[in-house]
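Q: Please work from the sequences and hints to get the whole structure.
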Amino acid sequence: MFHWLRDSYGFDVREVPDLSKVENEDIIKFTIYHPTSCEELCSPNFIPAWNHQAKLAVAGKEWLDCNARGVSKWTGLSFLMNYFGLTPDEVCCFGDNLNDIEMLQNAGESYAVSNARAEVIASAKHTCPPYWENGVLQVLKTFLKETTNPF
2 MFHWLRDSYG FDVREVPDLS KVENEDIIKF TIYHPTSCEE LCSPNFIPAW NHQAKLAVAG
62 KEWLDCNARG VSKWTGLSFL MNYFGLTPDE VCCFGDNLND IEMLQNAGES YAVSNARAEV
122 IASAKHTCPP YWENGVLQVL KTFLKETTNP F
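Per my numbering, the sequence shown starts with residue 2, numbered consecutively.
One or more hints might be untrue.
What the hints assert, rightly or not - Below, in silico cross-link-like pairs of lysine-lysine (BS3-like), each with a Cα-Cα straight-line distance of 27 Å or less:
1. K56 x K22
2. K30 x K56
3. K142 x K126
No wet-lab data here; the hints were simulated from the structure.
A: This is how it looks when you write it as structure tokens:
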């Protein structure tokens, strides 16, 4: 898993033999992984025990994201918007899981893929086809067609 995240996704991660011995490190996020049922396994004990101390969000059947309170994809996107002088109306985002809801609700244009959970689809302004149909690419191509000037 470590090598997959580091070598395939390019994450800046390090192996830590004993998490309780990490000192003076700025940990901004940790993620819990299980190959088939992370949410189901975390729901009975972990989520209720930590939900008031961290921002917990399911990020697929395999993942549970754990961020500092007040940190989400939307806060990250808001930082970039601020940096580039953009308003929410100038932003479009795409999502498929619970960790995308805040971003989908706040962006000017937002799309949930059609295979997303019902609450994710409800939080987006639009839906698009799933990844196996290149749904995001289909939407992005329409943006290019809208901005192409034939003159």
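Q: Okay, which hints does this one fail, numbers in order?
A: none
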